[in-house]
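This is what each chain is made of:
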Amino acid sequence: MASGRDDFIIAVRSAFLKKSNKQQFSLLALILFSIFLIFLSNLNFVGIKYVKITINEVTYRLSAVISYPEKKINDSFSFLEEYFNVYKVNQNLKDEIDQLNIKNLNFIFLENENKKLKEIIGENTNISEGIISKVLIDKDGQFLKSIILNKGSKDGIKKGMVVLEKNYLVGQIIEVNFATSRAILISDLNSNIPVVLEPGSFQSVLSGTGKEFGKIKYSKNKLILDEETIVYTSGLGGNFKAGLPVGKINNEIEDLAVEFFSDLSQLSYVKVRSIESNVD
Amino acid sequence: MVQKKINFKARLFKYLPLILLYFSVLNELDVDVPIFGLISFNLPFIIIFYWSLKDPDHIGNGLIFISGIFNDVTLGYPIGVSSFIYLTIIAFASYLRNITLRPNIYKDSIVFLIAILFANSVNASILSFIFSIEINYFVITVNITFTFLLYFLFARMFNYLKTTNI
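If you read the protein sequences in the order shown, they are chains G and R.
Numbering-wise (our numbering), the first sequence opens with residue 6 and increments by one.
Numbering-wise (our numbering), the second sequence opens with residue 2 and increments by one.
Hints were generated in silico from the structure; no laboratory data involved.
Please note: incorrect hints may appear among the correct ones.
What the hints assert, rightly or not - Which residues of chain G face chain R? A few of them, derived with a C-beta cut under 10 Å, are:
#, residue
1, 41
2, 45
3, 137
4, 140
5, 155
6, 187
7, 210
8, 214
9, 216
What the hints assert, rightly or not - Sample of chain G residues lacking proximity to chain R, with all beta carbon distances greater than 10 Å (derived):
#, residue
10, 16
11, 57
12, 97
13, 100
14, 172
The beta-carbon is built from N, C-alpha and C at its ideal position, and this holds for glycine as well.
Construct the complete structure from the given sequences, taking the supplied hints into account.
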């Protein structure tokens with residue numbers, strides 16, 4: 006019995022402390038160092054912040070180069086798929102354009118009316134022109150859904166700015182380096198956005214699921230929503246401008262699931278905007 | 002000329018596990034099969050466990066530690082988390098190496114399963130409790146399952162690589 010315990014202790018000690026001639030560091034030393042790094046990451050020291058930014062810059066560039074072939078292969082598949090569906094899509098688009106033209110006339114009228122009403126109540130929302138940015142890496146990790154953009158603090162990117170694709174909300178900047186930045190996608194599990202559901206003007210929260218769709222949560226009453234329901238940002242909390250289209254309800258995927266307007270796995274270029282909401 | 006070619010090939014084979022490890026952490030290699038949702042596996046875990054078990058001098062602990070830092074930056078995790086996880090995988094492999102007299106793929110795979118279960122649990126705990134990152138446990142379970150199943154395939158490939166060049 007004692008001999009068995011001794012063997013176990015010898016094996017563990019050997020695993021953690023013994024290093025061969027070719028190994029520079031013992032396992033125990035590296036484990037302690039990594040725990041020290043985790044501890045520093047949690048404390049957010051200024052020094053660590055700059056070291057992290059430098060590591061980020063180098064790694065993002067390296068990762069973009071290494072991910073390039075995979076990205077090109079994925080792009081080729083998407084291109085082929087689009088190519089074979091072009092006739093069908095064209096027919097659908099023609100029908101959609103006809104319907105949209107009719108709706109557009111109504112929208113122009115409503116937009117002007119809305120502007121006038123906002124002037125009367127003194128609400129003013131300043132929207133920056135936006136910074137066009139290329140998606141360097143779109144990582145699909147087990148824990149985080151995020152994208153790396155090729156614009157950073159030198160281009161005027163700031164933490165909290167919204168990321169749009171074709172005016173649809175896709176994410177928010179969470180980390181800014183000198184020449185790159187990271188945006189968390191709205192599909193991420195940690196993403197919670199105050200939204201309004203139209204028609205009906207129901208206030209709610211859209212949460213990411215870690216998959217290709219979002220889910221409506223925290224609504225006061227049990228909602229029964231049909232496929233025509235569109236999800237817009239509500240502007241509550243001041244993080245997002247009100248009225249940014251996000252997606253539409255699709256109960257076929259899951260109950261109260263939101264199908265995003267943008268394909269978050271196919272982002273190439275996005276617009277980063279700062280939105281300052283002022284109520285006079 | 003022929004000698005040069007052989008040297009290049011031998012060197013390429015020698016550094017292939019290391020290249021593959023860095024390629025996978027910088028690329029976060031995963032496989033998407035839309036019909037079944039997200040099917041993914043963790044290639045760095047397989048590489049680190051296999052080479053730490055069979056030939057610990059092939060990829061140094063320091064290089065594995067740095068690959069963990071790269072992985073953290075690429076995936077947006079707090080720095081040090083992946084390095085710690087990779088080092089726990091090495092610890093399991095080293096322990097198994099020290100107590101094993103007759104190596105066997107099935108025994109190795111059982112310890113590998115325990116190692117990845119432990120590593121993923123620690124990873125999820127650190128991210129969840131210390132850094133308050135919400136986690137999808139289903140995705141992790143799928144990832145662990147496929148990582149375990151694919152260990153057999155990659156172990157065979159690495160065995161072949163080991164016998165052919167070094």
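Right, here's what the structure says about each hint:
| no. | hint | in the structure |
| --- | --- | --- |
| 1 | 41 | holds, 8 Å |
| 2 | 45 | holds, 8 Å |
| 3 | 137 | violated, 23 Å |
| 4 | 140 | violated, 14 Å |
| 5 | 155 | violated, 15 Å |
| 6 | 187 | holds, 6 Å |
| 7 | 210 | violated, 14 Å |
| 8 | 214 | holds, 8 Å |
| 9 | 216 | holds, 7 Å |
| 10 | 16 | violated, 4 Å |
| 11 | 57 | violated, 6 Å |
| 12 | 97 | holds, 21 Å |
| 13 | 100 | holds, 27 Å |
| 14 | 172 | holds, 26 Å |
In this structure, the earlier hints numbered 3, 4, 5, 7, 10 and 11 are contradicted, and the remaining ones agree with it.
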